[in-house]
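Engineer: Sequence:
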Amino acid sequence: GELVRDKKIEGIADLLELTNREGIRIEIPLKMGANSNVVLNTLFKYTTLQSSFAINNVALVKGRPRTLSLKAMIQNFVEFRHEVVVRRTKFELEKALRRAHILEGLLKAIDVIDEIVAIIRHSKSVDDAKAELMATFGFTDIQATAIVEMRLRQLTGLEKERLQAEFDELEKFIARCRQILSSEAEQLAIVKQESSEMKAKYSDPRRTEITLSADEFNPEDFYPDEDVVITISHMGYIKRTPLAEFRTQSRGGVGKKASSTRDEDFIEHIYVANMHSVMLFFTDKGVRYCKKVYELPEGTRTSKGRAVQNLLSIDSEDKIRTYLNIPLPKNADADAERYVILVTKRGVIKKTDLADYTNSRSFNKGIIAINIREGDELLDALLTDGSHEIMIAARKGRCCRFDESELRSLGRGSSGVRGINIDEDDEVIGAISLDPAAEDAAQRTVLVVSENGFGKRTAPEEYRKTARGAKGVRTINITDKTGPLVAIKSVTEDNDLMIINKSGLTIRMAVKDIRVAGRATQGVKLIAIREGDSIAAVCPVAGAEDSPEESENTSEENVE
Numbered sequence: 001g002e003l004v005r006d007k008k009i010e011g012i013a014d015l016l017e018l019t020n021r022e023g024i025r026i027e028i029p030l031k032m033g034a035n036s037n038v039v040l041n042t043l044f045k046y047t048t049l050q051s052s053f054a055i056n057n058v059a060l061v062k063g064r065p066r067t068l069s070l071k072a073m074i075q076n077f078v079e080f081r082h083e084v085v086v087r088r089t090k091f092e093l094e095k096a097l098r099r100a101h102i103l104e105g106l107l108k109a110i111d112v113i114d115e116i117v118a119i120i121r122h123s124k125s126v127d128d129a130k131a132e133l134m135a136t137f138g139f140t141d142i143q144a145t146a147i148v149e150m151r152l153r154q155l156t157g158l159e160k161e162r163l164q165a166e167f168d169e170l171e172k173f174i175a176r177c178r179q180i181l182s183s184e185a186e187q188l189a190i191v192k193q194e195s196s197e198m199k200a201k202y203s204d205p206r207r208t209e210i211t212l213s214a215d216e217f218n219p220e221d222f223y224p225d226e227d228v229v230i231t232i233s234h235m236g237y238i239k240r241t242p243l244a245e246f247r248t249q250s251r252g253g254v255g256k257k258a259s260s261t262r263d264e265d266f267i268e269h270i271y272v273a274n275m276h277s278v279m280l281f282f283t284d285k286g287v288r289y290c291k292k293v294y295e296l297p298e299g300t301r302t303s304k305g306r307a308v309q310n311l312l313s314i315d316s317e318d319k320i321r322t323y324l325n326i327p328l329p330k331n332a333d334a335d336a337e338r339y340v341i342l343v344t345k346r347g348v349i350k351k352t353d354l355a356d357y358t359n360s361r362s363f364n365k366g367i368i369a370i371n372i373r374e375g376d377e378l379l380d381a382l383l384t385d386g387s388h389e390i391m392i393a394a395r396k397g398r399c400c401r402f403d404e405s406e407l408r409s410l411g412r413g414s415s416g417v418r419g420i421n422i423d424e425d426d427e428v429i430g431a432i433s434l435d436p437a438a439e440d441a442a443q444r445t446v447l448v449v450s451e452n453g454f455g456k457r458t459a460p461e462e463y464r465k466t467a468r469g470a471k472g473v474r475t476i477n478i479t480d481k482t483g484p485l486v487a488i489k490s491v492t493e494d495n496d497l498m499i500i501n502k503s504g505l506t507i508r509m510a511v512k513d514i515r516v517a518g519r520a521t522q523g524v525k526l527i528a529i530r531e532g533d534s535i536a537a538v539c540p541v542a543g544a545e546d547s548p549e550e551s552e553n554t555s556e557e558n559v560e
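Its first residue numbered 1, the sequence shown is counted upward by one per residue in my numbering.
No lab work stands behind these hints, which were simulated from the structure alone.
It is possible that some hints are incorrect.
What the hints assert, rightly or not - Between beta-carbon pairs, the in silico distance windows are:
1. Phe80 to Arg176: 21 to 29 Å
2. Gly1 to Glu226: 31 to 39 Å
3. Val516 to Pro327: 27 to 35 Å
Stated by the list, open to error - Cut-off 25 Å, straight-line C-alpha distance, at most; resulting in silico cross-link-like pairs (DSS-like, lysine-lysine):
4. Lys319 to Lys304
5. Lys172 to Lys192
6. Lys304 to Lys502
7. Lys292 to Lys304
8. Lys95 to Lys160
9. Lys130 to Lys160
10. Lys71 to Lys90
11. Lys292 to Lys45
12. Lys95 to Lys172
For glycine and all other residues, C-beta sits at the position ideal for the given N, C-alpha and C.
Make a model of the complete structure from these sequences and hints.
Structural biologist: Here's what the structure looks like:
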């Protein structure tokens, strides 16, 4: 109970003591969405539900006593067996070479046996006979000794055939030994084969289980490596939903219900992330929080979700504004040359090393990400490698494009510098980064969407580069019909686009259905907006393989 209250063990709804005369029984109901395997392994780790018994596993390694783990013990045994195979093969090769050398001399002697017999008969001693044989026929001392000691029965034809067969077999054996000594893979294969033979001959059923230790337990193993849709409502409710629940619709469709929200609430943010990723949450006030994606509450497409304040312990006067999806690091230097770029509503921009935000010591608590100036709010966050191009768009339809190299890396506590120059009655609506070195750089276009559901794609080259802090160039022709700009995204034709409005309706469409147009145009209608409704969020996602779902309205309106 204390562990549950202290949140060391999460996902438990209640503890039921059901022990009776038949035995001990404790029932633990779980909260909705909790993973039973994760809860069980957490109980193993923090309670006496599972007990461990240690052993002093000491063995002699190269003549010295060492305490070995199971892995180290197996590794040392394999190395020992490997050494045995090599030394044994060398010994057998040397022995075979000596025997083959003698056989070669005997076979040669049988072919000239009359001359050899004559030399032996006329020699005064064994040493004289050996010396004469070596001088006449080129035998070595070892071969000459074997010939002198040869018995008369070895002169028969059958004996010669036996010696020749033995010599042929030795040549094959010598070739095999040399092959083994020249290949470590062959040596290890022999170790494996001999171990299998030993197991088949002497093994008995295992009496213990080898299981994952609770201390080494990795929760990610219990969650599939798949993408999910993360939604956050205006009132701060969050959930993750499998991406497969959202099917593709045609451009101009009305959409389908994405979340059950209160009348005064609506979906404000929609993102796509991998289950094994780390999410960095950034609030309006510039505070950073961390969560693994699988730690977020799971919900259906129409469920409300869970309050972010309860999940992250956010201040009641603050709210989540944006996030970054950070893949799990594969090595200690994974965060090297990666940066977080933060953009505020008043056009302030700041670049900081990613490692400053993913430090393990501050992973589970909120830390200052940027010093927000009075009257300003954090708006967007980007992940870059230091060589990207940055584009910042404002509500009145202007966009500033400049090189990331114009930004120097600043500490977490700094305020940043001016990214775009906007009017007092204007504000930034979003920012994107473009990687010129990316494989899909040539296929990327800049997508902009207006409040009343109009949108278009434009080639990045049409946006003239300006200096950081400039007013920028026009990105869309703003009219009463289109409404102000609400989103700017970087997309390819392989993407789908998810658009969600304030009433909670969502539509998913193929980006390739949105035509490429110039900067000064209004674009085409992407979603049919009902009276009193407007666009709340826009998010590009990986393209779906299934066919587009029939929509209620597939009309197209293209306004130049």
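Engineer: Holds or violated: Lys95 and Lys172, Cα atoms, limit 25 Å.
Structural biologist: 14 Å, holds
Engineer: What's the verdict on Lys95 and Lys160, does the C-alpha distance respect the 25 Å limit or exceed it?
Structural biologist: Holds, at roughly 21 Å.
Engineer: Measure nothing beyond the straight line between the CA atoms of Lys130 and Lys160; if it is 25 Å or shorter, mark the hint as holding.
Structural biologist: 21 Å, holds
Engineer: What's the verdict on Lys304 and Lys502, does the C-alpha distance respect the 25 Å limit or exceed it?
Structural biologist: It holds: about 14 Å lies between the C-alpha atoms, which stays within 25 Å.
Engineer: Honestly, do Phe80 and Arg176 meet the 21 to 29 Å range at C-beta?
Structural biologist: Roughly 23 Å apart at Cβ, these two residues keep to the hinted range, so it holds.
Engineer: Does the Cβ distance between Gly1 and Glu226 fall inside 31 to 39 Å?
Structural biologist: 35 Å, holds
Engineer: When you check the alpha-carbon spacing of Lys292 and Lys45, does it fall within 25 Å?
Structural biologist: Between Lys292 and Lys45 the Cα gap is close to 20 Å, so the pair holds against 25 Å.
Engineer: Within 25 Å, alpha carbon to alpha carbon, are Lys292 and Lys304?
Structural biologist: 20 Å, holds
Engineer: Return holds or violated for the Cβ distance of Val516 and Pro327 against the range 27 to 35 Å.
Structural biologist: Given range 27 to 35 Å: holds, Cβ gap about 30 Å.
Engineer: Between Lys172 and Lys192, does the CA-CA distance stay at or below 25 Å?
Structural biologist: 23 Å, holds
Engineer: Can the restraint linking Lys71 and Lys90 be considered satisfied, given a maximum Cα separation of 25 Å?
Structural biologist: With Cα atoms ~29 Å apart, Lys71 and Lys90 exceed 25 Å; violated.
Engineer: Does Lys304 lie within 25 Å of Lys319 when you go C-alpha to C-alpha?
Structural biologist: 17 Å, holds
Consistency note: the structure conflicts with earlier hint 10 alone.
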